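Number of protein chains: 2
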Amino acid sequence: MSHSFDVVAVGNAIVDVIAPATDAFLAAESLPKGGMSLIATTAADALYAKMSAGVETSGGSAGNTAAGIASFGGSAAYIGKVAADVLGEVFRHDITAIGVHFEPRPLSPTEPSGDLGTGRCLINVTPDGQRTMSTYLGAANALTPADVTAEVVQAAQIVYLEGYLFDPTEARAAFVKAAGLARDAGRKIALTLSDAFVVGRYRAELVDFIDSHVDIVFANEVEVTALFETEDFDAAVYQLAAKVEIAAVTRGAEGSVIVANGQRTEIAAEPITAVLDTTGAGDQYAAGVLFGLAKGLPMATCGKLGAIAAAEVISHYGPRPQASLKALAQTAGLI
Amino acid sequence: MSHSFDVVAVGNAIVDVIAPATDAFLAAESLPKGGMSLIATTAADALYAKMSAGVETSGGSAGNTAAGIASFGGSAAYIGKVAADVLGEVFRHDITAIGVHFEPRPLSPTEPSGDLGTGRCLINVTPDGQRTMSTYLGAANALTPADVTAEVVQAAQIVYLEGYLFDPTEARAAFVKAAGLARDAGRKIALTLSDAFVVGRYRAELVDFIDSHVDIVFANEVEVTALFETEDFDAAVYQLAAKVEIAAVTRGAEGSVIVANGQRTEIAAEPITAVLDTTGAGDQYAAGVLFGLAKGLPMATCGKLGAIAAAEVISHYGPRPQASLKALAQTAGLI
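Those protein sequence lines, which keep their order, are chains A and B. Positions 14 to 348 (this note's numbering) are the ones given, in order, by the first sequence. Positions 14 to 348 (this note's numbering) are the ones given, in order, by the second sequence.
Among these hints, one or two may not hold up.
Since the list gives no way to pick one copy over another, a pair counts as held whenever it fits inside one copy or between any two copies.
[As the list claims (entries may be wrong)] Computed cross-link-like contacts, BS3-like style, restricted to lysine-lysine with a CA-CA straight-line distance of at most 30 Å: (1) K339 - K63; (2) K63 - K190; (3) K190 - K46; (4) K339 - K46.
Just so you know, the hints here were simulated from the structure itself, not pulled from any lab data. Small disclaimer: the values here were computed from a predicted structure and weren't measured.
The following block holds chain A by itself, in its conformation from the complex (with noise of 0.2 Å):
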């Protein structure tokens, strides 16, 4: 392979379906506004049932992190699991045609498993523009290390990894090996911690896996509180900056702060005009932080880049950037 990348990312290869949804559907569906449950098939049949007319668009949040970066003008390069049918040819589509190298091993109806279809994100956004996720895995669970190709996690600066694939036990795996991979080849490490479910049902393996093979964290202000169960925002913070060499944590509105070996930098959100759909905006603030540090940049303008691409992304339904944010950053003057 004679490629070389900014960011490898590894996550879960989840189709998005986006439909408008009432507070009042949620309440009824028990769905705890803002957050992302795991469902099963028939679970996830029943949903999709009562929801809305919706689009379908690529998703995932490490496969949005890396459109992110490709749409900055980095390079990029995704792994994940899709299955051999319609949908996992569109999530195939649309990250190689946004330039993220992209070379999956679909899911063959022959392997365990093989009746698994390319994984979904029932996504209710209510008129706030929050949005309420049900993801069904499918076979995005089913990634496992030999999905982790060698020559790709080698040939970028950074791993980028994905926190949802904690859960299930060969997509870890696949995980602890890209983490091995690119340690042995000298390249940072980042995680994000996906999601405050997440961080509850695997608070101690995190926290373990942080200590001993990562470099850079993402996290929102309520994974990060619950990582170190604490409700004091600063000492979370700096108990996950103690840890590794840049902690970068998300507060919606209120921006973001990023705590560089020990040194704090403040970055104020983009004032957009309306928030249409939240969906990718850690994803994107994650780009951008991401496509700043594998270029060098300095940690402020790192945060800005974060900044324009989330503010980009919650002004219109979808979890990937529409405009370009390499245009977005030349015109802020950042790049």
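With chain A's structure known, arrange chain B on it following the hints.
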């Protein structure tokens, strides 16, 4: 069946794949801008591979119209053919979620053509909002007279037929069956010419079908002049109006003309700030007019409802209304 419907729409059940494109891309792919080409599986795969990252959303001309009628608060049914695959389920979900009655007989793998997938329309949208469509009909092409159920057709005031169905022999037979059932039940029969190429291919058959079966015709400027092989718009409209009770002809930004029983009504286009994607404009115009006719509203009101629906759909990506057309019509004091 205890239902009664304002309109039953019969058409190609299609999922749209919408992606941004440049004029240079259209030229390189020899795609006639603003047109609709039918393509085979291999050509569809090759074109899709070259397109930008996209969004999938339920479409199909008559399906869009049925969705629009439901959005106005009307009762609509739909007849069309999907495959037993993920996109078929997406199509069924979306049209029923908006309130349209649709009980498909999905193509079974054991039937002839059972290997066809749900139809797809690859839509390249240029920066001027024009859409250029390449349609792989797939299962939609496999509509047969058996899919046209008498109970549904006879329960509707108006049966609305999509001209695209003139292409496949069996589908055209389904189309003729629907028209016959409607006629026998004393219902009105509406037809949209759909596409200038359809008109070019089947000019004589279309004129004959209109003469023998049709009460209401929808067309745009290009289609109506193609039908009568003239460059004179007014002459074409009057030739059409002489054949049917109601001729409704759209002229893009110049609005539309309805000639009903010899009486001409001119309707201005609704002013909008920016055209994002013209996909579905004609379909939503038809939805407004058909809804108005079913409710017995004056012709100027019918046209205005069409103009409002068309304006809503071209102000966003995707061929079906996102706002409530009922609310828009109420705000405008039309219903």
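Exercise for the section: Check K190 against K46 for me: Cα-Cα at most 30 Å, and say if that holds within a copy, between copies, both or neither. Expected result: Neither: 34 Å inside a chain and 49 Å across chains, both beyond 30 Å.
Exercise for the section: Check K339 against K46 for me: Cα-Cα at most 30 Å, and say if that holds within a copy, between copies, both or neither. Expected result: For K339 and K46, the Cα distance is within 30 Å only across copies (28 Å; inside one copy 33 Å).
Exercise for the section: Give the relationship of K63 and K190 under a CA distance limit of 30 Å: within one copy only, between copies only, both, or neither. Expected result: neither (40 Å within a copy, 33 Å between copies)
Exercise for the section: Check K339 against K63 for me: Cα-Cα at most 30 Å, and say if that holds within a copy, between copies, both or neither. Expected result: Between copies only: 22 Å across, 39 Å inside.
Figure legend: structure checked against the earlier numbered hints; hints not met, in rising order: 2 and 3.
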